[in-house]
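Novice: Sequence:
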Amino acid sequence: MDSYLFDLKPQLIHDAILSMIAVFTLFLVASNLLFNPVRQMLKKRQDKIQGELEDAKQNQDEAAALKAEYEAKLKDINVEAEEILGEARKKALANENRIIAEAKEEAARIRERAEQEAELEKKKAADDVKKEMISIASVMAGKVVAASIDTTVQDSLIEETLKEIGDNTWLS
Numbered sequence: 004m005d006s007y008l009f010d011l012k013p014q015l016i017h018d019a020i021l022s023m024i025a026v027f028t029l030f031l032v033a034s035n036l037l038f039n040p041v042r043q044m045l046k047k048r049q050d051k052i053q054g055e056l057e058d059a060k061q062n063q064d065e066a067a068a069l070k071a072e073y074e075a076k077l078k079d080i081n082v083e084a085e086e087i088l089g090e091a092r093k094k095a096l097a098n099e100n101r102i103i104a105e106a107k108e109e110a111a112r113i114r115e116r117a118e119q120e121a122e123l124e125k126k127k128a129a130d131d132v133k134k135e136m137i138s139i140a141s142v143m144a145g146k147v148v149a150a151s152i153d154t155t156v157q158d159s160l161i162e163e164t165l166k167e168i169g170d171n172t173w174l175s
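The opening residue of the sequence shown carries number 4 in my numbering; numbering runs sequentially from there.
Hints were generated in silico from the structure; no laboratory data involved. It cannot be assumed that every hint is accurate.
[Claimed, not checked] Using C-beta positions, here's what the derived DEER-type ranges look like:
{"#": "1", "residue 1": "Lys46", "residue 2": "Ile87", "range": "56 to 62 angstroms"}
{"#": "2", "residue 1": "Leu123", "residue 2": "Lys146", "range": "32 to 38 angstroms"}
{"#": "3", "residue 1": "Ser22", "residue 2": "Ile52", "range": "28 to 34 angstroms"}
[What the hints assert, rightly or not] DSS-like cross-link-like pairs, simulated, lysine-lysine; straight-line CA separation at most 30 angstroms:
{"#": "4", "residue 1": "Lys134", "residue 2": "Lys146"}
{"#": "5", "residue 1": "Lys94", "residue 2": "Lys125"}
{"#": "6", "residue 1": "Lys126", "residue 2": "Lys107"}
It should be emphasised that the depicted structure is a prediction, and the values quoted were computed from it without experimental measurement. Backbone N, C-alpha and C define an ideal beta-carbon position, used for all residues, glycine too.
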């Protein structure tokens, strides 16, 4: 019998080597035909997921920036609202002061008009008194004429009566 290495026949070694070459070749073919497309699909999926994560991060940053901007605007709105309220208060105070001033002016005009009317009534009363005095003087003159006093005596009596009543009463 022939002595074989580890009791292996050369045909078996040859078949084993061919089987290994066939398996290796099959592995290379399967790798190129099956594994590479799967790897590419996984790579694309990984890239897509990475892109979505980056987009999500960017959106999150934008949202944070918008939130900060809106918070700043809210603070500005509060300040602006306070300014508007302050302006409204100032306008209301100015309006109040203007209305009070107008009311005081109107009251002064009414008081002045009342004083003028009182002065006119006073003058009218004085005129009425003067007319009454004149009518009294006329009655007296008529009595004097009836008593046949001449005109010089009559004039002197009228003058004397007017002096008795007084210039102050006559002029006021």
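Novice: Are the hints correct? Go through all of them and say.
Specialist: Structure-based check of all given hints:
At roughly 59 angstroms, the beta carbons of Lys46 and Ile87 sit within the given window of 56 to 62 angstroms. At about 34 angstroms, the beta-carbon gap between Leu123 and Lys146 stays in the expected band of 32 to 38 angstroms. The beta-carbon spacing between Ser22 and Ile52, approximately 41 angstroms, falls outside the hinted interval of 28 to 34 angstroms. Only pairs whose Cα atoms come within 30 angstroms are accepted, and Lys134 paired with Lys146 is accepted, the gap being roughly 18 angstroms.
The hinted pair formed by Lys94 and Lys125 fails the criterion: a straight-line CA distance of about 45 angstroms is larger than 30 angstroms. Between Lys126 and Lys107 the CA atoms are separated by roughly 28 angstroms; this keeps the pair inside 30 angstroms, and the hint holds.
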